[in-house]
Every structure is written in structure tokens, then in C-alpha cells.
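Peer 1: The residues making up each chain are set out below.
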Amino acid sequence: MFSPTKRSWLKAAALAAVTVLAACGKEEPPPAPKAPAPEAKAPAPPPAPFKAAWVYVGPVGDAGWTFAHDQGRKAVEAEFGAKVATTFVEKVPEGADAERVIRDLAVQGNKIIFATSFGFMEPMLKVAAEFPDVKFEHATGYKTAPNMRIYDSKFYEDTYLAGIIAGTVTKTGTLGFVGSFPIPEVLRNINAFTLGAQSVNPKIRTRVVWVNTWFDPPKESEAAQSLLNGGADVLLQNTDSTAVLQTAEKNGKLAFGWDSDMSAFAPNAHLGSAIVDWSNYYKKAVRDAMEGTWKTERTVWGVKEGQNDLVKIAASVPEDAKKKVAGIQEAMKAGTFEVFTGPVVDNTGKERLAKDAKADQDWKDKVDFYVRGVEGKLPTAK
Amino acid sequence: MLRLEARPQPSAAMSIASPLIALALTAVIAGCLFAVLGKDPVRGLGMFFYEPLNTVRGVTEVALKATPLILCALGLAVCYRANVWNIGAEGQFLLGAIVGGGVALYVTTHGIAAPRWVLTPVILLAGIAGGMAWASITALARDRFNANEILVSLMLVYVAQQLLNYLVFGPWQDPQGFNFPQTKTFVTEALLPSLVPQSRLHIGFAIALGLVAVFWAFMFRSWRGFQLQVGGLAPDAARYAGFSARTALWTALLVSGGMAGLAGAMEAAGPLRQLTPHVSTGYGFTAIIVCFVGRLHPVGCLFAGVLLSMFVIGGELSQSRLGLPNALTGVFQGLLLFLLLACDTLINYRVRWRGAHHRPAAAS
Amino acid sequence: MNEVALLVAATIASGTPLVLAGLGLLVNEKAGVLNLGAEGIMLVGAIAGFAAAFHSGSEWVAFAAGAAAGMVLAAGFGVLVIWLGTNQYASGLALSLFGAGFSAFVGVQYVGRKLAERSTFEVPVLADIPFLGPALFKQHPLAYAAVLLALALAWFLYRSRTGLVLRAIGESPDSAHSLGYAVRWIRLAAVLAGGALCGVAGAFLSVVYAPLWVEGLVAGRGWIALALTPFATWRPARVLLGAYLFGGVTMLQFHLQGAGVQIPSQFLSMLPYVATIVVLALISRNPAWIRINMPASLGKPFHPSA
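Residue numbers (this note's numbering), protein chains in the order written: chain U, 1 to 382; chain A, 1 to 364; chain L, 1 to 306.
Worth flagging that the hints you see were computed from the coordinates, not collected in a lab. Values in this document were obtained by computation on a predicted structure and should not be read as measured data. Take these hints with a grain of salt, some might be off.
Claimed, not checked - DSS-like cross-link-like pairs, simulated, lysine-lysine; straight-line CA separation at most 30 Å:
(1) U/Lys171 to L/Lys114
(2) A/Lys184 to U/Lys364
(3) U/Lys83 to A/Lys39
(4) U/Lys51 to A/Lys39
(5) U/Lys377 to U/Lys364
(6) U/Lys143 to U/Lys111
(7) U/Lys111 to A/Lys39
(8) U/Lys143 to A/Lys184
(9) U/Lys284 to U/Lys364
(10) U/Lys91 to A/Lys39
(11) A/Lys184 to U/Lys126
(12) A/Lys184 to U/Lys377
(13) U/Lys358 to U/Lys143
(14) U/Lys304 to U/Lys143
(15) U/Lys312 to L/Lys114
(16) U/Lys364 to U/Lys312
(17) U/Lys250 to L/Lys138
(18) A/Lys184 to U/Lys295
(19) U/Lys322 to U/Lys250
(20) U/Lys333 to U/Lys355
(21) U/Lys111 to U/Lys126
(22) U/Lys350 to U/Lys171
(23) U/Lys284 to U/Lys126
(24) U/Lys74 to U/Lys284
(25) A/Lys184 to U/Lys366
(26) U/Lys91 to A/Lys184
(27) L/Lys114 to U/Lys322
(28) L/Lys114 to U/Lys91
(29) L/Lys114 to U/Lys250
(30) U/Lys333 to U/Lys312
(31) U/Lys171 to L/Lys138
(32) U/Lys91 to U/Lys74
Said to hold, decoys possible - Quick list of the computed label-pair ranges, beta carbon to beta carbon:
(33) L/Pro130 to A/Asp143: 47 to 55 Å
(34) A/Val36 to U/Pro47: 30 to 38 Å
(35) L/Leu282 to A/Gly282: 25 to 33 Å
Claimed, not checked - For the chain L half of the interface with chain U, some residues (derived, Cβ under 10 Å), not all of them:
(36) Leu7
(37) Arg118
(38) Ser206
(39) Leu217
(40) Arg221
Backbone N, C-alpha and C define an ideal beta-carbon position, used for all residues, glycine too.
With the sequences and hints as input, model every part of the structure.
Peer 2: Following this line, the structure appears as C-alpha cells:
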């Protein structure tokens, strides 16, 4: 039977609590920007800071892809000080939710928004259509709009340099690659790695294992172990954790770091880290937006612009390999070296690039094959 | 010390109060957590309970996010009441997206000109069929092989994810898509009609509301629904009454599979407009929580779905506006469910203070 | 031949966390409690273990910390389920979810951190035997502990009096209660033991296997461990078999990929899960067998009638 006892008081209290909390929420002032508010007494109040926002697919602390982007964001903060206020949202799923997040950032007054994974492309395109005076920047994609442009990085330059070292130090002649997903970017990296190694030793073979995820350390570990078990003794990865490097260390083999300097994680196994540094690009993009020089274009920077490099090359790497790497780095910085220069033949024997031909952006965008020397068949091979 | 004393009958008042108490307790703990993190607790709670509904756009987004949750939860409620523990709604959701999205893709790539009022039902029915087909594997495993449905349905989730990956990386990939894992975007006719202009809300929400009523009628006004529930609550009694356990099993799984598949097809042909590996953000699993928070009741599922959407959206907002960490959303959802389960005991038991009580020796 | 030896070694390493968690869940289920929160417990154990290893530099402290964290979470679950009589499935799911969020939340400061160097372990003398040495005798001590644990549990459950009481409670808690056994306390003990083992399994993943912390590190292994108990028809030694089978198929599919086998990698990735379903179906086929082996009160709440 229902009687006005403890239970009904509890219920009333619960309802009251929720209502009070909701009511309190209504009176809150709008969120304050991160920079200090203008002084009332100053003769001319400084302008409100320019708001820039970043959308990340992973956690900021992943020491990999997202971490690198966040370092770039911090560089923007350091560069512009009080003139720019930055925000970020991490671990945004690349589906229908992304659109909501991006739209909310635009509504909140951000004037430039960066989305750092290709799965944000369609959502960003939709939001861009609704906010014509906000600038949208999408990483690793291919669709643009009058207020949306794309940027990318030449990771394959890093992997080519790594390949040179790998080809020199390998004892078994077999390299291993832990791949995330078979998308063009990763395929370019695998191919460049192999080509770099083959420039030192034409008989190099590369084995690839796909983990079908960007980030799953135990799985990356298992994949790395399986490659090592299969005879590879130098590993490279396109996944975002230190697991592959650490597995190589555990087995007394060699590997490279990825996205950021991972040398601290494997003192013996670490040969070098293939990094990306987005700070130069982010500073330029924010400056473009602030000064009104922003235009739709596609920016793909690499070693030349200081966006990619192979760093912390181990002391144990033989001198001739180091010299070769340094030489190619110089050429890349001068803009005279193209990693994908013919002849390039895929692993079914078909010629993909004629002798001395240099690959253009379109060719690179459409890489859907393995070069000769890489074992296996792609799931997407047509 | 505190003692639990069984009530003569379950308390109706508590049935309604218990979720509210749990919610209030969650809010209190959340507030404390915000304070510990150095943020204003009231603003923090406002992000979760108020901000998502602040604008018309916000309300449509909450409804949009709630739609798949409500649909899946409706099906799961039937399942769990029949004591069939389908944990694989996520896999059934993906299959619904695959089959429904597959139809939309076929229409797009083959340039089939058909009006929306034809395409939408076809796509949704295809989604239902996909989800049912996937659930029937679990049903078969349990029916013919006695394999535990929890585990089979769960393993099938992983298989479904890999299947989706294969399709969008392989045969269904957009040839002009630079080898990215996505299909072409579907033509407008293949997309779901919009419900509120200038928003992403599509008719799926209206369908979900309608289905809430349908399921209510099914569960509480139909003979088959009654059979299912008896089968779940008292299997022996059900057997004596001649209710077939096998029919109950298949009905429960097909219904929940179909609903999850419907939700999947709606997501693909609605806000997403294509197939990618990210069709689902764990809807099938979140729906399980929605189902329980909604007390396995269709109307409850509706409210719980809205509430949990608010949690997710609130989590995003608290990140971008307050700088709170993303992991909090999962903590709150788990906490809510825990507290709800604890508070639910108050329905069947009352709390009494007692001194040291001499219990009579247990009879043999 | 060497490749096969290495594959065996990798299988054992991959299966060890599954063995530990699976045995823990087995103890739970023998007492009649189904804990679907294994994934959450493993995650919390993983972060606790990682944090402990990071601050103390010792693996064994890490394992102890993982066990302790697992027990705390399991205790909460146990009270809810055993004393308050809440639905075991729902409570377990809530635990999973909460554990995932909580571990992510607490673990934010440990992402990207590195643990101190550890030495590798080899069984002396035996490790030098050709083929068998690298295959079996170069594992982490916990791998051997897991095997010994399985055997010890088998002895405990089927040859000791306490084990008999535990099984009796799982079969018919009312009878055990009427015989004077403190059913609820014994069940709680089983739940705590299960939580401890799941916690250690999680710590093993973060401190030895990966070894690093990121949220979601466990990536579904808790659910796989749950699959192992009916798979093993609730017998400890068979949990070993199931765990190594799953670990083996996982490593095998990577091996096949690396060898250039012409099957799309996604289908190979499905293999471990499909294998689990198939074996589960085959094993469960005989309903009498299941009835004999499955604890009769599994999943049902117990309320002392007095």
C-alpha cells in the first residue's frame, strides 16, 4: 500500500533535486574564453581572442597521431599568446557524432576548425556549408569547399629514409610492417619503406600484417611478434602505440618509432623515429585565417617544410647509411628528391611508373598496390 | 544495523521512484567529481542535463541520437523479459546497416530511379531482414546446439565488424574515393525523409515513437507477449501451460535482431548517408543499458534512450566547453546503472533498522 | 620448424591472460555467480597494475595491485548481487561499463609512460632443448603459474572438501544453506577470488604483454574469457585448452597474413571468433553434458528462506 512514508519523501526529494539543478543551470553565464576578459578601464579594450578548435579522433595522450596534432596546437598557443584561444575535443567517433561536435564548435564562435582524421571529411563538409565565414581544415582527405581546405603530410618521405637504414642493418633481408588499414597513405608508406631498403639492397622483402585498427597495443604486439617469428628483423608500423617497438626490444630485434620520438621506449631496438610536426602548418593556417589570406587549397608538406623527418637515428647505424640518409634529407629539403621515381613495378609484375618518371600527386593519391618485394595481396586490389 | 525485509508485494511507487533516486544520486556523485576536478559542479551538471536541450537544434540532435538506442532497447526488452540474453545487438545493428545500406548503395550505383516513398520502406525492411538473419545464427546455435546465446551473439559482433570492414575496404568501396574505406554517398531518394527541417532528424524518430506504442501493446496486451514473459519469469510454469520455449527463443531473437537491424539501416541511410567502418558508436551495447534503465518497459526505454543520449552529448559538450575528460561519460553511465540496480531492490525489499536480532535456527 | 616453435610460444603468451581470467570466472560460476563485468575488472586491474609498476618498479607489486583492484570492484558487484539480489547480468554489464570509464579516467596520466626495463625469463636447462625450449620454456613466470593454477583448481574443486562445498553451493544453494553453510559469504569469497584473478590478468596485459597503458587496452579479452567457461564445460583444465586455442588462432591469422596468404585480412581477423562459436556449438551439442557440468544455480539470486 502506498503511504506517505520515507519512500514518498525520497521521491519528492529526488524530483526536487533534479529540478533545482536544472534551474541552476539556466542562470549560468556563457562560457568564458580562455584568454583574459577585456579590462573595463583600458582606453581601448584588446580585441577578443581569435578562436581556433581542433577535433581529434583519439586521446591526446596516445603518444602518437593525436599527440602530434596536439603538440601543433600547443605551438599555436605559444606563438600567438593571448591573441588566440584554442579548444579541442578528443576521441570523437568518425561517424554521425562528428557532425554534431564540429557544428557545436562553429556555433561556439570558433573561426577555424581542424579535423584530424579522414573519417571527419563528410561531416565537416556538411557543417562547412552552413557556416560560410568559418574556415574548415581537414587532414588526410580529398574533398574541399570554398571555406574548407585539406592538408596532409609526406610520411612516405620518413619511411623511405627509414627503409634505407633498415635495408642496411637487416641480417635476414626481411623487413616487417604492422599496418593499420589498407588505405593509400599506409600503402604509400609501405612502398616507400621497401623502395628505400631496396635502394641499398635490391633483394629486400617486406612482410605486412594488418591489425585493422589504429590503436590496440596488445594486438600490435602480437602482430609484431608474428612478423618477427616469420623472419623479419627490422620493423616499422603505421599504428599509433609504442607496442611494436617494445616487442622488437623484447626480442632483441630492431624497429622504428612512429609519429613521435619513441627512443626512450626501446634503448636497444630503436633505430630512428619517423615523426610528424604539425606546428609550422598550424601556425600558418591560423595566421592565414586571422589575416584574411586564407584560400582553399591542398597543402602537403614533408621534410622540406620541416613537417616530417626521421629523427634520433641510433648511433649503432653504420656511417655509410647515415651519410646516405643525410644526403637524401638534403635533397628533400632542396625539393629535388622524389621518393616515387620510376621504374616502379608492383608485386604482380605490372609497371606502375616508367623509368625516370616522377609520380604526381594524383598517382600518389591513388596508390592501391604493393611494390615488388612486398609479400601478399591487398584486400582492395582491383 | 540495516536489514532488508521482503515486502508483501512489490511497491508500485518505488518502481517509478527508483530510477529517479538513482539519477539524483548519480547527479550528486557527478557534482562531487566535477568539484574534485576543479570545475563548477552546477555548470558541469548543466552540460549533461540542460545544455543538450537548450536549442531546437539541440533537441533534434538528442532525438536523433536516441532513435537507434530506443529501437534496439525495445527489441532487447522483449528478449530479456523472455530470459534470452542477447548481448549481440551491436552485431545485428551492423548487419542491418550493411543490408539496408547495401540496398541504398545498389540504387545509387545502378542509377535506379525510384521515388522515396518506395525506397525508404525497402531499405528499412532490408535492414530488419539483415538484423534478423544475424540474430537467427544465435538462435540456431542455442536451439540446435544448446550454445549459450550470450557468447555466440557476442562473438558474432566481432565477426560483423570485420565483415563491414571487408566490404567498405573491398567490394563496396567508392571507386572515386581514393581508396578510403567508404562507399559512395547515397542518392537523395535513398535517404530517409527529414522530420524537422533544418535539422538532421529523420522519420526514424517518429517510427521509434510508434513502435514504443506497438511494443507496449505486444508486451502487455497480446497473448504472445504474455507467453514470452511467463516463459522468462517461470519457465516451468510456461512449460506446463504448453508455451513453447523454442518459439519464445526464436521470437525474442528475431524481434530484437530485427529492431537492431532497423536501427542500423536508419543510421546508414539517415545521418551517415553512406557506409563506413564507423556506422555504430556502440549503440548495441549502450542499448542494453537503456533497456535496463528503462526497466524493460517500452515507455521506460523511450525515456532512458533520451537520457543516455543526453549523457553522450553532454559528455561532448563538457569537453569542448569545460575541458572535462572524455572518460567521464562512461563513468556516469556505469554509475547510473549500478545505482539503479541497487535502488531497484527497494521495490521488493524495504530497509529497516534493527538492533542485534536473534535469528531462529534455520529449519532443515 | 623454428617458426612453429615460435608460434607455440606466442600462443602461450597470448593465452595466458585468458587462462587467468577464465579460471577466475570459473570459480565465480562454480559458486553460481555469473560475472559479466570481467572486462571492466580486467581494465581496472590493468591500470592499477601499470600504475603500481610505474611507481614501484616491481612486477610482482603490480600483480598484487591488479589483484587488489579487481577484488575491490568484485566486492561491489558481490554485495549488489549476493545480498541485494540484483540481476546478475545487468550488474555485470554495469560493472563492465563502469570499469571501462573509470580506468580510462584514472589512467589519463599514465598514457605514453614507460615502465622500467625487465629481464626476460627462461627456465634453466630446459630452455636449451631444441624446439621444445623456445616453444615452451621461455615464457614469463606467470604463464607457468597459470598452468599450475589450473591444475591446482582442478584438484581443489574435485578433490577437496572446500571445493565440494563450493560446487554444492553452485548446484543447490538452498540445500547448502539448510546444511548450515554460510552460502552468501562463500559466494562472496568466490567472487573476490574471481575478481583478483581477472585483475591479475589485466595487470599482466599492461605490465608484461603490451607493456603500456591506454584506455581500452583489454580490447574484449574479458568477453573472450567469459566465453571460455562454457566452452570448457566448467572444468579448469579445459579452460587452458580453450585459452590456448583462441590465442593460437589469433597468432595464426597474423602469421598467415605475414606469409602472404591470399585471404583478405578481415576474414582472417574473424577466425578466432568464428572458431570459438564453432567449438562452443560442438561442445554444447549434448544437452545432458551441459546439464551435468553447468552449475545449476548459475545466474540465479539466492535468498535465505528463514
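Peer 1: Does each hint hold? Answer for all of them.
Peer 2: Each hint, compared with the structure:
1. U/Lys171 to L/Lys114: 28 Å, holds
2. A/Lys184 to U/Lys364: 21 Å, holds
3. U/Lys83 to A/Lys39: Measuring from Cα to Cα gives roughly 25 Å; hence the hint holds.
4. U/Lys51 to A/Lys39: 21 Å, holds
5. U/Lys377 to U/Lys364: Satisfied, since the Cα-Cα distance of roughly 19 Å is no more than 30 Å.
6. U/Lys143 to U/Lys111: 20 Å, holds
7. U/Lys111 to A/Lys39: Cα-Cα ~26 Å, so holds.
8. U/Lys143 to A/Lys184: 13 Å, holds
9. U/Lys284 to U/Lys364: Within the cut-off at roughly 25 Å; holds.
10. U/Lys91 to A/Lys39: Distance of about 21 Å is within 30 Å: holds.
11. A/Lys184 to U/Lys126: 15 Å, holds
12. A/Lys184 to U/Lys377: Answer holds: A/Lys184 to U/Lys377 is near 24 Å, not above 30 Å.
13. U/Lys358 to U/Lys143: 24 Å, holds
14. U/Lys304 to U/Lys143: It holds: about 25 Å lies between the C-alpha atoms, which stays within 30 Å.
15. U/Lys312 to L/Lys114: Holds: U/Lys312 and L/Lys114 sit about 18 Å apart, inside 30 Å.
16. U/Lys364 to U/Lys312: 28 Å, holds
17. U/Lys250 to L/Lys138: 12 Å, holds
18. A/Lys184 to U/Lys295: 27 Å, holds
19. U/Lys322 to U/Lys250: 25 Å, holds
20. U/Lys333 to U/Lys355: Measuring from Cα to Cα gives roughly 23 Å; hence the hint holds.
21. U/Lys111 to U/Lys126: Since the Cα atoms of U/Lys111 and U/Lys126 sit roughly 16 Å apart, the hinted pair holds (cutoff 30 Å).
22. U/Lys350 to U/Lys171: 29 Å, holds
23. U/Lys284 to U/Lys126: 25 Å, holds
24. U/Lys74 to U/Lys284: 14 Å, holds
25. A/Lys184 to U/Lys366: It holds: about 16 Å lies between the C-alpha atoms, which stays within 30 Å.
26. U/Lys91 to A/Lys184: 25 Å, holds
27. L/Lys114 to U/Lys322: Holds - the C-alpha atoms of U/Lys322 and L/Lys114 are around 28 Å apart, at most 30 Å.
28. L/Lys114 to U/Lys91: 22 Å, holds
29. L/Lys114 to U/Lys250: Cα-Cα ~14 Å, so holds.
30. U/Lys333 to U/Lys312: Given that 30 Å is the threshold and the Cα spacing comes to 18 Å, the pair holds.
31. U/Lys171 to L/Lys138: Between U/Lys171 and L/Lys138 the Cα gap is close to 23 Å, so the pair holds against 30 Å.
32. U/Lys91 to U/Lys74: Holds, because 18 Å separates the two Cα atoms, which is no more than 30 Å.
33. L/Pro130 to A/Asp143: 47 to 55 Å: 50 Å, holds
34. A/Val36 to U/Pro47: 30 to 38 Å: 36 Å, holds
35. L/Leu282 to A/Gly282: 25 to 33 Å: With a Cβ separation near 31 Å, L/Leu282 and A/Gly282 satisfy 25 to 33 Å, so the hint holds.
36. Leu7: 6 Å, holds
37. Arg118: 9 Å, holds
38. Ser206: 9 Å, holds
39. Leu217: 6 Å, holds
40. Arg221: 8 Å, holds
Consistency note: the structure conflicts with none of the earlier hints.
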